[in-house]
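Asker: These protein sequence lines map, in sequence, to chains E and P.
First residue of the first sequence? That's 1 in the numbering used here, and the numbers climb one at a time after it.
First residue of the second sequence? That's 1001 in the numbering used here, and the numbers climb one at a time after it.
Just so you know, these hints were derived from the structure itself, not from any lab.
Cβ coordinates follow ideal geometry from the N, Cα and C atoms, glycine included.
Among these hints, one or two may not hold up.
Unchecked claim - 25 Å max Cα-Cα, derived DSS-like pairs, lysine-lysine:
hint	chain 1	residue 1	chain 2	residue 2
1	E	K427	E	K64
2	P	K1085	E	K87
3	E	K112	P	K1040
4	P	K1085	E	K86
5	E	K306	P	K1040
6	E	K421	E	K57
7	E	K240	E	K157
8	E	K64	E	K78
9	E	K57	P	K1101
10	E	K380	E	K356
11	P	K1101	E	K78
12	P	K1072	E	K91
13	P	K1106	E	K57
14	P	K1058	P	K1393
15	P	K1085	E	K78
16	P	K1085	E	K91
17	E	K57	P	K1295
Claimed, not checked - Partner residues are not named here, just some residues of chain P that face chain E (Cβ under 10 Å, in silico):
hint	residue
18	N1034
19	V1079
20	M1087
21	E1093
22	H1234
23	Y1281
24	D1294
25	S1299
26	E1302
27	P1316
28	L1323
To be verified - Pairwise CB distance ranges, derived in the manner of DEER restraints:
hint	chain 1	residue 1	chain 2	residue 2	range
29	P	K1156	E	P79	46 to 54 Å
30	E	P48	P	F1091	18 to 26 Å
31	E	P79	P	P1148	37 to 45 Å
The residues making up each chain are set out below.
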Amino acid sequence: MSQTLFTGPGPVLQQRIPQRLVSGRPVKHCLHLRASRLESVEQAPPDPILGVSEAFKADTSDLKLNLGVGAYRTEELKPYVLSVVKKAERKIVDAGQNHEYLPIDGLASFNKATINLLLGFDHPAVKEGRVATIQSLSGTGSLRVGAQFINKCIPGKTVYLSNPTWGNHKGIFSNAGVKWEFYRYFDPETVGLDFDGLMEDIKNAPNESIIVLHGCAHNPTGVDPTKEQWSKIADLIVDKNHLPFFDVAYQGFASGSLDEDAYAPRYFVERGIEILVAQSYSKNLGLYGERVGALNFILSSSSAAKKVLSQLKVIARTIYSNPPTHGARIVSEVVGNEGMFGEWKQEMEGMAGRIKGVRQELQDHLERINPDKDWSFITKQIGMFSFTGLTSQQVENMTNKHHIYMTKDGRISLAGLSSSKAEYLAKAIDDSVRNC
Amino acid sequence: MRHAAPAARQLQHTCQQFRTICSSSVSASGWFGNVEQAPKDPILGVTEAYLADDNPEKINLGVGAYRDDLSKPVVLNVVRAAEEKVMGKLFMEYLPIGGLKSFTEKSVKLAYGDSAQCIQDARVAAVQSLSGTGSCRLFAEFMHRYMPGAAVYIPKPTWANHHNIFRDAQVEQKGFRYYKPDTRGLDFEGLMDDLQAADEGSVVLLHACAHNPTGVDPTPEQWQQLSKLMLKKHLYPFFDMAYQGFASGDCDRDGQAIRIFLDDGHNLGCSQSYAKNMGLYGQRIGCLSLVCADKAEASAVESQIKAIARAMYSNPPVHGALLVDNILGTPEIKQQWYDEVKGMAERIIDMRTLLQQNLEKSGSSLPWKHVTEQIGMFCFSGISPEQVDLLAKEHSIYMTRNGRISMAGVTSRNVDRLAAALHKVTS
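Chain P extracted, bound-state conformation (with noise of 0.2 Å):
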């Protein structure tokens, strides 16, 4: 561990340009007198908002969890069974600072492919982590101090927090074109233009499915291509996979650019998220794993990934672990999930259909096929802040102010109410 002295000084410089400061001058108005407030924070925020409203037929469009056709939380019937099951084994003991084994194996293998080499070479460092936060926030903090001088290149736009998450890990971020207003689609010739030119050894943050906040994601031609580029420009691909199988409704097809990027050779580092994929939101369950060159780095890279993780939380919980270890243990419970995850795909994708019918009809000259066009839990509306705002104040329809829709809190009997409001607040 380093001495605290000469690099915490540095780093306090470094944080006191960036962050909102309070006054170190405690005695006039005693220790925290003038901490500020915060401002609220942008994603979970609107659900706050939304329950305040008294509005019955209020919809709640903003923070991605999975509701039903009732607008209720599912917990998948493979959860259910693993918690009985889990519940009879008595163990809370601490983890490993590493997490679960048998679950992080398991959970390498549904990213990579049961049989992808390097898993066979044993040349991937993996710890469990708690949701996608903690396993980005972990490779940033792996990042800043074993990729140093080294920038992430985030797309434009992506999930709020991978902004606020690099930052406090001090790592350099630099945007990379990704989504283009006037299609709402890919610009793909923007992507390639801003990787090409960005700086050898830096990293490059991807979606590897079912982008967030736009759903608009490459095609597998567009993937080998980018693999390419990168390969060519030795940028380091991080995959942020937050929906497997929760995409299109069949995890290897959502696995596909990362099996395309180890195809091409890359050494990449993928974090996981079950919060999704599993219904398993609360239990911050997530992997963490880096590609590495050969077992020895594997051990080594796993090593200060646990220094940093110990240090951050110790050791990450048990109980979502132990549910996720159970569900992917069996062919047959693991068939099952498939089959569940694909249901809940099939809602969203039958609910963009609705959506886009229901727009079409209703005498909207504005182009909406964007809507079956991208994919997951988002769909990038494109309309502004203020019709934003408009939505909230005059609909009780709430949702990001960047337009973003989780299209899970759309439902057979809001999609028309839906529809109509987002026609009126555009035309």
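Chain E on its own, in the form it takes in the complex (with noise of 0.2 Å):
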């Protein structure tokens, strides 16, 4: 990436431009004939998941289909907001709440429901103080926030990103100025979990790093491991005294039940380790453009949480001030309330419910269509995304032949597939594989 050359102090030309109206009275307008600091700036390239969404909205062609960005659509793939929310939000403007800064560490009735979400509730965690919690934005900025104070309080240590992983994870550490590496993640052979090889780079790193792993509904690839395999990489993590930092975008959203997809992180706890977690409510509240998710420390003493929360505070004070109040509001209300929180968990069902119909369905189409090819992995994979194995080439295909559009790894959002283009999407992804 090239930077700007200041190349210090020159002949400046001014030449007299003929003048024009600027706010309404005739300027003087004296052009630099001198290059701009900031000339070679250079165009960067579309965000590779971002990016998509774009490119699909510039396609004026009727068949085309976006299964690019991980946004939840309903069968007739319009965008949904959940009857929770909309009552929660028409409970907010009625009560006329105000606009006025959180405190730095956000919203406490948030705080207080997204960690018992994340734990259950009352759990002896939340009970003995031990946990510090932190409002912020979305998975992203819960993320950018822990990676921070990485790089602050516990600097020198590596962070182990497995392979691959969701795009935005590299971008977050080493804008923060923290190093990271891979661990083997996914096995293109099985279209599975490569488990052998994610315990071998887990025990060759060193000891005291820090692990990212995903809580579940692995992005892109929507393998997870077993609950056997969640223990045995709990063993190596104690052995190696590792420190894992959860990354969890699905709770509820990949199985269904918010308890179920909390498993591996309350695993961990109970078994005594420290961890941090990223929490997102995009996706299961549907809360997207709100920001709303929070950073969690659980960890062995009130004391360290404390210290540790006042660290996050100073953190996050130079990015945003305070965190953005609707979402977080929302949340409260729905978790707040019994009716409304059976409510969500039942419309959450039906979104979980509704993916995990049309993965079925493109998975027998392509059965039908090339019964030579496994595409058992469709329905093994979880939550919303799948990993096709397609190559660069056979993504280009889709795109451009097909108009479908996903990201060059070759994931695909099933969210963004309605029951009734699983057969063009299955003939595409054939033709895809057949001939290219």
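The task is to assemble the complex, starting from two chains supplied on their own in separate frames and drawing on the hints.
Answerer: In structure tokens form, the structure reads like this:
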């Protein structure tokens, strides 16, 4: 990436150009014939994930299908605002709530609700004050605050990311000045978890490294460890004194059950392992644009939790000062009201159910069209995404020939697939696999 | 995106020189046993102390959030109306990384003037950001990468968080004289001397109006002189505009400094916040804009700012953007908003007048005319940190230790007591 070269003082030529009117006043505009100091700023490439939606919008074909960004769509391929969210918003507006600054660490009732959801209500870690929670800007913001904390308070540690992982993980840690490496995760042969590779790489990592783990519904692969595998991973992490950093972006969205999807972080806490957890309410409550999430440190002592929280606040203060109110209020309303909480759980099951349904349909179509290939990974994988194993050439074919938009790594978002388009997608995948 | 290793090592080394360092030896005390307790935020910490005080006559003159004459937070009528409309939209999708385009377009027009040439030339890079803090942080990160080696000149004093933001973005900071304690006014000669001596290519952070914490602004003539000097010295103006409309009650007048600089041909940067002037504090809505040489440069600059934002928070929150977009969207509602902002500014000006009158009547021998000469939400009282502590301890009156009074916390009910207490601790 080239840097702007500031070349220092030099002759500056001034040239009078015709008078222009600015704000109604004639103005003498002097043009400095000297290179702009920002001239060599390069145009950045479009974001690999968010850029897909932009390309999709520009496509005029009727056949187009957006399987890029992980935002839930209904069967009619429309965005979905949950009814509990509409109810909560109505309540908030009717209550005439104000728009005052939240404390740096966020809305207290939201912070209580979010840790209860993560660990289960009445968890001893919470009662004992061993948890530091800071509301932040969804998953990204929570991860970034965590990364800055690592850089400042536990410097010199390397973060290990799964290969592959959500694209933005790399940028978040790099920009926070934190070194990262990969650990093996996805096995293209089995289209499943490379468990031996994972264990070996985590074992070979220097002691006291930081391991980023996806709590459930791994992004982009949809491949999660089994409970037995989580147990072995935990054993190794204890041995190596590693610090797990869970990214929990899909709690409730993967299986439809909040509790089941929180199995991994809860298990680690039960094992007495200190963990970091970034949470997001983008998907499970459909609050994408509201940017609501939390960073949690579940620790072995309350004094450590207190000190950690104080540092998190100092870090957040220079990024955004205090987090946005609206989304946090919605979450707090929904979780705090028994009726709404129950309704939420039902709607979440509905969303997760639709995705499981289209996964099955997609797999059925593919098995029918191309019985020679093993397509079972589609229903073995879980959550919003499927790692199809398509190569970048095949992905290009999907887009250029079939107007199907997905990320270059072969990831499709099942949330963007309708039952009525499942066959079309199956045919396109089959074509790309056979002919490219 | 840069590859992590060499840059990360260098950054880590630099960080270690400046930060509270916590031991990197983990095993002895667990992962976090050596994390140090961070100090409380000086500004937000004041409100915490205030809340803990059970004196029913306590006064909070700490944080700069507007209060009405009954000391209550205010939600503007235009905001209430906008909330009703926005609620029906059912739009919660991710915004683009750069935010709601309709919002940023209106925001830039508000800052620069509807018919600003740079807007017509389509050479303004603009992104929706997390209020003023977020805008400043994005700019600081951009400066770190694309103006390497350039220092930022920051007025003495300034909003405390400016120092933290540029520090965390690893940008070198220098100060320039601004406030003159003797006059409780602007040290214009000092300012011009210090910027005359600044390295070419440096960035100069300027408060567009209603300087925080002093309330002391340059006159239009002084802005003109400063603009010429900065052109000559190739200094980059970065305006932090957190109070447009809130200072004088007139948005165009409060944007005057920026307009003067634009007319002179500066390619400047601007951070805007809607926290105060629309009372949208908690919605975190603002805009960062950079005037560029041409359309292509604006596109490139915007793309890089977006890359920085993507790794910070991915995309900005939608709610506040929809509200502001709605309010600025029609001339009638915009005018209503102008009227409400004017109302807030006028109440503050009235409180300044009352406070000064009461102080002068109290028999204080100190000069207090700065109370009405300063502008905006804050009054730099000129009292010492020890006197600030006394005010808190003995009078349950809370403000930041630099003697900054948030005038928004002054009411017709408490102004007498405030004047009396100020006189007591300063006599």
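Asker: Could you run down the list of hints and mark each one as holding or not?
Answerer: Status of the hints after comparison with the structure:
For the hint linking K427 of chain E to K64 of chain E, the alpha-carbon distance of about 14 Å falls within 25 Å, and the restraint holds. For the hint linking K1085 of chain P to K87 of chain E, the alpha-carbon distance of about 15 Å falls within 25 Å, and the restraint holds. A distance of roughly 22 Å separates the Cα atoms of K112 of chain E and K1040 of chain P; the hinted pair therefore holds under the 25 Å criterion. With a C-alpha separation of about 13 Å, the suggested pair K1085 of chain P and K86 of chain E falls inside the 25 Å cut-off, and the hint holds.
Between K306 of chain E and K1040 of chain P the alpha-carbon distance is near 12 Å, which keeps this suggested pair within the 25 Å criterion. For the given pair, K421 of chain E sits about 18 Å from K57 of chain E by alpha-carbon distance, which is consistent with the 25 Å threshold. In summary, the hint linking K240 of chain E to K157 of chain E is supported, as the alpha carbons are separated by about 13 Å, within the 25 Å threshold. In summary, the hint linking K64 of chain E to K78 of chain E is supported, as the alpha carbons are separated by about 14 Å, within the 25 Å threshold.
In summary, the hint linking K57 of chain E to K1101 of chain P is supported, as the alpha carbons are separated by about 15 Å, within the 25 Å threshold. At roughly 10 Å between alpha-carbon atoms, K380 of chain E and K356 of chain E fall within 25 Å of each other, so this suggested pair holds. With a C-alpha separation of about 22 Å, the suggested pairing of K1101 of chain P with K78 of chain E holds against the 25 Å cut-off. For the proposed pair K1072 of chain P and K91 of chain E, the alpha carbon gap of about 21 Å is at most 25 Å, so the pair holds.
Under the criterion of a C-alpha separation no larger than 25 Å, the hint pairing K1106 of chain P with K57 of chain E is consistent with the structure, at around 23 Å. Restraint check: the Cα-Cα separation between K1058 of chain P and K1393 of chain P comes to about 11 Å, which is no more than 25 Å; the hinted pair holds. A hinted pair counts as satisfied when its Cα atoms are at most 25 Å apart, and K1085 of chain P with K78 of chain E qualifies at roughly 21 Å. Distance hint between K1085 of chain P and K91 of chain E is fulfilled; the C-alpha atoms sit about 15 Å from each other, no more than 25 Å.
Proximity of K57 of chain E to K1295 of chain P is assessed by CA-CA distance (about 23 Å); at most 25 Å being required, the pair is judged to hold. Annotation: interface hint on N1034 of chain P holds; nearest CB of chain E at approximately 8 Å, less than 10 Å. At its closest, the beta carbon of V1079 of chain P sits 7 Å from a beta carbon of chain E; the interface hint therefore holds under the 10 Å criterion. For M1087 of chain P, the interface hint holds, the least distance from its beta-carbon to any beta-carbon of chain E being 5 Å, beneath 10 Å.
At its closest, the beta carbon of E1093 of chain P sits 5 Å from a beta carbon of chain E; the interface hint therefore holds under the 10 Å criterion. Below 10 Å, beta-carbon pairs count as interface contacts, and H1234 of chain P has one with chain E at about 7 Å; its hint therefore holds. Evaluation of the Y1281 of chain P hint against chain E yields a held restraint, the C-beta minimum of about 5 Å falling below 10 Å. Because the beta carbon of D1294 of chain P sits about 8 Å from the nearest beta carbon in chain E, less than 10 Å, this interface hint is met.
A cut of 10 Å between beta carbons decides the hint on S1299 of chain P: the least distance to chain E is about 6 Å, and the hint holds. Residue-level restraint check for E1302 of chain P holds (minimum Cβ-Cβ distance to chain E is 9 Å; threshold 10 Å). The criterion of a C-beta within 10 Å of any C-beta in chain E is met by P1316 of chain P, whose closest approach is roughly 7 Å, and the hint holds. Because the beta carbon of L1323 of chain P sits about 9 Å from the nearest beta carbon in chain E, less than 10 Å, this interface hint is met.
Judged by the Cβ atoms, the range 46 to 54 Å given for K1156 of chain P and P79 of chain E holds: they are separated by roughly 49 Å. Taken as a hint, the range 18 to 26 Å holds for the pair P48 of chain E and F1091 of chain P, whose Cβ atoms sit roughly 25 Å apart. At roughly 41 Å, the beta-carbon separation of P79 of chain E and P1148 of chain P lies within the given 37 to 45 Å, and the hint holds.
No hint from the list above goes unmet by this structure.
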